[in-house]
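Chain by chain, the residues run as shown.
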Amino acid sequence: VAALVAVAVLWSGCGGPMQPDELKRSIGTLESSAAEGALLANGVARDRTKATFVRVHARDLGETVEHEAEKLHDASAEGRVAFRKAAAVDLAGRISEALGNIQTAPDSRSEGRAAESSLTRLGDRAGRLAEGL
Amino acid sequence: VKTLLRVALGVIAAIGGFVDIGDLVFNAQAGASVGYPALWALPVGVLGIMVFAEMSGRIVAVAKKPNFVLVKERYGPRLSTFTLVASLVLTVLTLAAELGGLGFVLNYFFDVSVPFFVLVALFAVAAAIYFLPFGGIERIFGYLGLALLVYLAASIKLDPDWGAIGRGFVPEAHGAAVYWYFVVGLIAAALMPYEIYFYSSGAVEEEWDEHDMTVNRANAFVGFGLGGLIAAAILVASTQVLKPAGITPESIGTVALVAQVPYGELGLILAFVGILFAVGGATIDTAFSAAYNLAQHQGWKWGKRFRLLDEPRFTLSLAGFLAAGFAIAQTGVDPIELTEYAVIFSIPVLPLTYLPILLVGNDEAVMGRFVNGPLARVLGWGYFGLICLLAVAAPVLFAWTNGGS
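Here the protein sequences line up with chains A and B, keeping their order.
Under the working numbering, the first residue of the first sequence carries the number 1, and numbering increases by one thereafter.
Under the working numbering, the first residue of the second sequence carries the number 1, and numbering increases by one thereafter.
With the rest of the complex left out, here is chain B:
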């Protein structure tokens, strides 16, 4: 039980990754457009992130090396710099989308203006980062984000076709490009690189060592499992509510409306609370991930425990990334479109993110008795192959289907 209560890191990393502002709408669009047949993509993606998160947490526990330290060690200067720049661009774009999303969500409660609430969100996130301890951030945003479990209750209350749901978990041969667009997008959303950046750096923040292997496994399996369950529940509930009505969700309000159908105002409020904290958690994930990556690549001291005067470069870069995200969000760009682009175009960066984890996890000289076993090796290389395939397929499908429309 004590171990299960320490899964906040996995929960916030997963919620930030699977059910951020873009994925909430993407999951609902998959349900409204393709329906249950897209479901199988979720466990495929979830198992992949579980494998790599567990591996990266184990590497931190043994070797004390987070993801971008591995990138720098395993790649030459040019490739590691390219990986850094690509990851920073995509992470800051995602951060901007999350801040914009928070503005939209808060405006649904108070109806003032989205740009005003983007500013409020910036201050709230900055205050949470500055004043709360790392564990406090994880618990508040991770656990309150679990209000999104209202979609699980909604899916059950809406009396779904369990047979069709069961068949949805079996991959089927399908000719429609739109179907494959959503399948690839759902797998990719589960494997977003910043989840791993945040997870492995968070493990350093929590000072994991070899005694924390059970905590690592619980975080990887329970945390990401919960994220996947919520994503599946949103897809199922959207299939039940939106698909028969012919509604194509384009905004976060539509996703909240899905929870209102079975539970009225209570469902709506629970959905918005869950969305607010999930998107808030994703904002913090992405801001920290960008600052972690830069600091690790440059060899600076880094971590939440360092204050401005202890390590100004890390703290100022964190503030700088938040400011950059805010500036992009204030241009009025649609946060949903921005994250969809970020998901699709982050896929080519995925192999560069995951390869060093796999190489170090397989390296007995580094990992000793905690080296990858046969199952972890097979799953690791299998998923790496899948990631390479996605890296090619995703941009093509995006262009071919005009973004799934």
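Chain A extracted, bound-state conformation:
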């Protein structure tokens, strides 16, 4: 059993520094959450959605982003991966903040417009950050 656990741990890559493909997957989650948040915010900006849905879904997306940020923060990394990992943690904080704004004011068209613009920009940044990994 111990041997199987050891093989599983080695296979999953646990225990060592973060690999570029792991960081890429993590940034991919941030990019996806930001893009979805922008779509959600677009509905708020155009008054084409339901406030309760926006509040719950923005909160869910925010939790996903925060969970990803915690994983990134806890992972050790080296070289250019470490540099991009720190940038990803910062990005996660900004995405979470923008999602929090529509969660707090799910019926404010002006907040919706601001969050849509901000989340679109942050999603693009996440895409660029993942390039070349």
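There's no promise every hint is true.
Stated by the list, open to error - Chain A regions said to be covered by chain B (calculated; three or more residues, Cβ under 8 Å):
1) 20-33
2) 54-63
Claimed, not checked - Residues on chain B that point at chain A, a partial pick, calculated with CB under 8 Å:
3) Phe109
4) Phe110
5) Glu265
6) Leu268
7) Pro351
To be verified - Over 10 Å on every C-beta distance to chain B, these chain A residues come out as not near it, computed from the model:
8) Ala69
9) Ala82
10) Phe83
Don't read these hints as lab results, they were simulated from the structure.
Even for Gly, the Cβ is constructed at its ideal location relative to N, Cα and C.
For chain A, the structure is supplied; the task is to place chain B on it using the hints.
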């Protein structure tokens, strides 16, 4: 027209199977990840379930034997018990996921807490099972689940690339494991065993006989056809909305958001109503399927017409499976992940579920003039071969692609 109005059994069985909580997200993920090239998997799966549902309904009409009676008759005690245990585990896991899914959907409307709405869902489902007649359950959950046709309207309104959709229905050689993961998953979702358990037992509940062959065919072809159409529409709409934006759907809220893009709040509400009744129907499908299988295997009296005092074992097992599903859902396990695991790991059980139907359908001594014709035999054995292949490929692809991610 009268026959077409009696397709509720097929509709609820199909909706429960194709567009339950996990499949809704899985179809959207296939659209967001692979896009139109995955479309061909849907008609492959839909035709397979149509073939076996029609066969199992015909067997009930002629021989009055639902699926688990056939399992018990055709397998020895050990294999039939293994099939029973495996099917019960997977069905109860799916039931837990559906109850959890109902909690999420209701929370999107009222924002209290998911565990609270899982409890509300449990009471609502139990009340529907207890107070509504079988036909009423089929019609309410089956037909209201058709609100999901909003995805068909959304796909058309979003002005899709019809050429690319057409090419998506032609299988292509593809090297990516993720592509094959979604193809296998889409076929498997259409063939989930509990659809057949529910369909064949539902046919007994509706007291089908040899005069109901047309109703059986209409249920199998129209009911499952509608389920497949909705699944395809979700995949197409997700390809149009989510794929270009780089969104990977992980929750049912993302699937609802797809309908909001073309139709605003109305689209969102229609999507949630459809999801609520489709997932509610799937909850009832799975609860009944588990109780039917156990009762049929043990040789108890069973059926919706029996009340607690008439047949306590069937009624109590139905209540017990609902309670078990509720307990699992209350642990906070992610319902989407739970159903994805249930789909992938139900595939090895598929051959054990479908083989007895095929053997009895081909048996002239049992079926008389309603025995499988040449087309049903060829399709039946062809699909059985495919199912055996899927049984091997699915767990491998699941591990290889890390669940399609």
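Status of each hint after checking the structure:
no. : hint   : verdict
1   : 20-33  : holds (count 5)
2   : 54-63  : holds (count 4)
3   : Phe109 : 6 Å, holds
4   : Phe110 : 7 Å, holds
5   : Glu265 : 6 Å, holds
6   : Leu268 : 6 Å, holds
7   : Pro351 : 28 Å, violated
8   : Ala69  : 16 Å, holds
9   : Ala82  : 24 Å, holds
10  : Phe83  : 23 Å, holds
The structure does not agree with numbered hint 7 stated previously, though it agrees with all others.
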